[in-house]
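S.K.: Top line first, the protein sequences correspond to chains A and B.
Mind the numbering: the first sequence is residues 1 to 110 in the numbering used here, read in order.
Mind the numbering: the second sequence is residues 111 to 222 in the numbering used here, read in order.
Hints are not guaranteed to be accurate.
[To be verified] Short derived list, chain B residues pointing at chain A, Cβ under 10 angstroms: (1) Asn-142; (2) Tyr-146; (3) Gln-148; (4) Gly-207; (5) Glu-210; (6) Phe-213.
It is worth saying that the hints were derived from the structure and are not from the lab.
Where is the CB? At the ideal position from N, CA and C, for every residue including glycine.
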Amino acid sequence: SQQGEEDPQALSIQEGENATMNCSYKTSINNLQWYRQNSGRGLVHLILIRSNEREKHSGRLRVTLDTSKKSSSLLITASRAADTASYFCLANQAGTALIFGKGTTLSVSS
Amino acid sequence: SQTIHQWPATLVQPVGSPLSLECTVEGTSNPNLYWYRQAAGRGLQLLFYSVGIGQISSEVPQNLSASRPQDRQFILSSKKLLLSDSGFYLCAWKLQGAIEAFFGQGTRLTVV
Chain A
1 SQQGEEDPQA
11 LSIQEGENAT
21 MNCSYKTSIN
31 NLQWYRQNSG
41 RGLVHLILIR
51 SNEREKHSGR
61 LRVTLDTSKK
71 SSSLLITASR
81 AADTASYFCL
91 ANQAGTALIF
101 GKGTTLSVSS
Chain B
111 SQTIHQWPAT
121 LVQPVGSPLS
131 LECTVEGTSN
141 PNLYWYRQAA
151 GRGLQLLFYS
161 VGIGQISSEV
171 PQNLSASRPQ
181 DRQFILSSKK
191 LLLSDSGFYL
201 CAWKLQGAIE
211 AFFGQGTRLT
221 VV
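Model the full assembly from the supplied sequences, consistent with the hints where possible.
M.R.: Below, the structure is given as structure tokens:
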């Protein structure tokens, strides 16, 4: 399959809890990005991590990248109901194609 | 500044009708252009990408085609829509060698 894999596919948590989503990809990459999509609408760029970085923070977001395992994780700390959305990783392959993971649907209940 | 325009936002088409979705980019030159589709409840699937005028790479063979008649214009077409063509279609661009990709707002296509 051309797509990366993300797990879990669906995640339900309570407000205040942390949410961790994982993404795996198949080929060498230049960088990996995480996007958020609300209810089948456009994509919002969250954070980018380059292939030579291992961890990056942005507000309540923490992204890790393990190029040896071809995997990345997105951690959202102290989740809020407004974080309810689908989250996708985008692997920028060492080439031209940009391949999305299948996505994780996060539901945060108050 | 660079922007990407994708229209229409929503579209309802009967089975067997043709399709033409257009995406244009402003404020940049020679971008790589991409078309993605998201079926209901599923992930974003890369359909086509283009690195230059007239150059189209197809990732998934199906009932769709793409064309790039101008540097900053990317068109997704179908001669006869199928019910399975329903979904959310996203256009994107990225400069060769650049890091970040930019996405249009998407078109929600419902084939009835």
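S.K.: A closest beta-carbon separation below 10 angstroms is what the hint needs, so does B/Gln-148 meet it against chain A?
M.R.: holds, 7 angstroms
S.K.: Once the shortest beta carbon distance from B/Tyr-146 to chain A is found, is it less than 10 angstroms?
M.R.: Because about 7 angstroms separates B/Tyr-146 from the closest Cβ in chain A, which is inside the 10 angstroms limit, the hint holds.
S.K.: Hey, does the B/Asn-142 contact hint survive, CB to chain A under 10 angstroms?
M.R.: holds, 6 angstroms
S.K.: Does the interface hint hold: is B/Gly-207 within less than 10 angstroms of chain A, judged Cβ to Cβ?
M.R.: holds, 9 angstroms
S.K.: For the restraint on B/Glu-210, tell me whether the closest CB of chain A is nearer than 10 angstroms.
M.R.: holds, 6 angstroms
S.K.: Return the status of the interface hint for B/Phe-213: holds when the least beta-carbon distance to chain A is below 10 angstroms, violated otherwise.
M.R.: holds, 5 angstroms
This entry satisfies every hint, going by the numbered hints stated previously.
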